[in-house]
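Colleague: Spelled out, the chains give:
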Amino acid sequence: MNIGFYPGCSLKGTSSEYAQSTLALAKFFDIHFTEIRDWNCCGATAAHNLNHELSVALPARILALAEQQGLMEIVVPCAACYNRLSVTQYALNKDLVLKDRLSDTLQMPLSGNIRILNVMQFIEKYIAGRIEEKISKPFAHKVVCYYGCLLVRPYNILRFDRLEDPQSMDALMQKIGATALDWAYKTECCGAGFSVSRTDVVAKLSGKIVKDAEDREAEAIIVACPMCQSNLDMRRPHIDSYLHTKTHIPVMYITQAIGLAVGIKREELGLKKLFVAPAFVD
Amino acid sequence: MEKKGYLSEIKSNTGLNVNRCYQCGKCSAGCAVAEEMDYPPSRLMRMLQTNNKENYGKILASETIWLCVSCQNCLTRCPMEIDIPRLMDYLRERAIKEKTINKKSKNILSFHKAFLDSVKYTGRLYEIGLVADYKMRTFHVLQDMAIAPKMFAKGKLPIIPENVKDKKQLHTIFKSSH
Numbered sequence: 005m006n007i008g009f010y011p012g013c014s015l016k017g018t019s020s021e022y023a024q025s026t027l028a029l030a031k032f033f034d035i036h037f038t039e040i041r042d043w044n045c046c047g048a049t050a051a052h053n054l055n056h057e058l059s060v061a062l063p064a065r066i067l068a069l070a071e072q073q074g075l076m077e078i079v080v081p082c083a084a085c086y087n088r089l090s091v092t093q094y095a096l097n098k099d100l101v102l103k104d105r106l107s108d109t110l111q112m113p114l115s116g117n118i119r120i121l122n123v124m125q126f127i128e129k130y131i132a133g134r135i136e137e138k139i140s141k142p143f144a145h146k147v148v149c150y151y152g153c154l155l156v157r158p159y160n161i162l163r164f165d166r167l168e169d170p171q172s173m174d175a176l177m178q179k180i181g182a183t184a185l186d187w188a189y190k191t192e193c194c195g196a197g198f199s200v201s202r203t204d205v206v207a208k209l210s211g212k213i214v215k216d217a218e219d220r221e222a223e224a225i226i227v228a229c230p231m232c233q234s235n236l237d238m239r240r241p242h243i244d245s246y247l248h249t250k251t252h253i254p255v256m257y258i259t260q261a262i263g264l265a266v267g268i269k270r271e272e273l274g275l276k277k278l279f280v281a282p283a284f285v286d
Numbered sequence: 039m040e041k042k043g044y045l046s047e048i049k050s051n052t053g054l055n056v057n058r059c060y061q062c063g064k065c066s067a068g069c070a071v072a073e074e075m076d077y078p079p080s081r082l083m084r085m086l087q088t089n090n091k092e093n094y095g096k097i098l099a100s101e102t103i104w105l106c107v108s109c110q111n112c113l114t115r116c117p118m119e120i121d122i123p124r125l126m127d128y129l130r131e132r133a134i135k136e137k138t139i140n141k142k143s144k145n146i147l148s149f150h151k152a153f154l155d156s157v158k159y160t161g162r163l164y165e166i167g168l169v170a171d172y173k174m175r176t177f178h179v180l181q182d183m184a185i186a187p188k189m190f191a192k193g194k195l196p197i198i199p200e201n202v203k204d205k206k207q208l209h210t211i212f213k214s215s216h
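Chain order of the listed sequences is A and B. Residue numbers for the first sequence, in this note's numbering: 5 to 286. Residue numbers for the second sequence, in this note's numbering: 39 to 216.
What the hints contain is simulated information worked out from the structure, not anything from laboratory work. Please note that the accuracy of each hint is not assured.
[To be verified] Below 27 Å or equal to it, Euclidean Cα-Cα: the simulated DSSO-like pairs (lysine-lysine) are:
#, chain 1, residue 1, chain 2, residue 2
1, A, K16, B, K206
2, A, K98, B, K49
3, A, K208, B, K49
4, A, K276, A, K250
[What the hints assert, rightly or not] Far from chain A by the CB rule (all over 10 Å, computed), these chain B residues:
#, residue
5, G43
6, S50
7, Q61
8, Q87
9, K91
10, L98
11, V107
12, V157
13, E165
14, V179
15, I185
Since the structure is predicted, the reported quantities are computational estimates derived from the model, not experimental observations. Beta carbons: idealized from backbone N, C-alpha and C, even for Gly.
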């Protein structure tokens, strides 16, 4: 099994606990990842906002590198990178002129056949069937699963989960003993790339998400996107001042929650890196 | 502007036919940032449909195109499946070329530029460099001073940038994408 791994920039920096917990989970289930050598940034929001050509050229290099290194299946935990890589591959296969042009620029073949898995798809494919037998401490908590935008939209390209009421994360949380609550903000936007340039917008959008989660008495918000996690967690002081109240709900990665349930050590899951500490983790 | 106007330009660059919009308003109803915008998405679509230069000028100078956070909700809910986020990307590129950047939105553009600069030089995002570059561009020197030490202490801010080895290929990508 040769599974490629694309960490992306966030997982090397501000969201290193997401990388840590994803890798720890893979190791626990004896899955070996091969990191794509010499990978570059996917271009994120900045590239597609300012330069359309660049927004496909940067992800195209990543896909070409994976192909060159024989990694025809890659795991991309960051929802934003997963989205940009998937959208690019779709564009390449739809527009063969673009595909030829980029292949020419890169001087590398682009087959457009890479299987790009987000973290839930990875867990479902390689781990889900073995989780229950490995549970040492059920994650018996009430949670809300927050999918955000980039894991589910646009559906015609990603074809991953239900658009308005996705279920994949909820199902995985139930598998580890959690109660996944119904709530209204599963796929609402957190403010995404405005964290620095329009922190006020992030405070408002993320504030509504945090408030609904607390109103429903969830003990944690479970996420699978570093941008969502940073906004809901690190921007908590701004969120609290927007809401005029002190909120306490932690925002954890799905890989951390599953990791705790199967008994992976807390340090290996990077739990201390969360700004809002999960009080129920001793 | 040609006789046919900007609508044909939009069509040839993005493949989008703005006239397919029949003003149901679902895009504006589901838009995360409509409240902050000068023209919510459905209004922007109606203005574009007029094929009137003055309206186009207003759009290119609007805050709307910069506030669009590309959450894709409008596209998802549009009964005509019009790719409004793609249209917003195109309008931003036009606004940059025409130099009609909305004054209140300059911070957003500065952030994106600083981000791409970082990627251009190292191939990967270097967060400390990004924030320093953004602060230089916007003079918001003291912003987020409280959060940085906490991030650093938690190991979330690497000091040394990660570098892509194949700088030549990176350079070619940036050069050919203009």
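Colleague: Check each numbered hint from earlier against the structure, then list the numbers of those it violates in ascending order.
Modeller: Violated hints: 3, 11, 12, 13, 15; rest satisfied.
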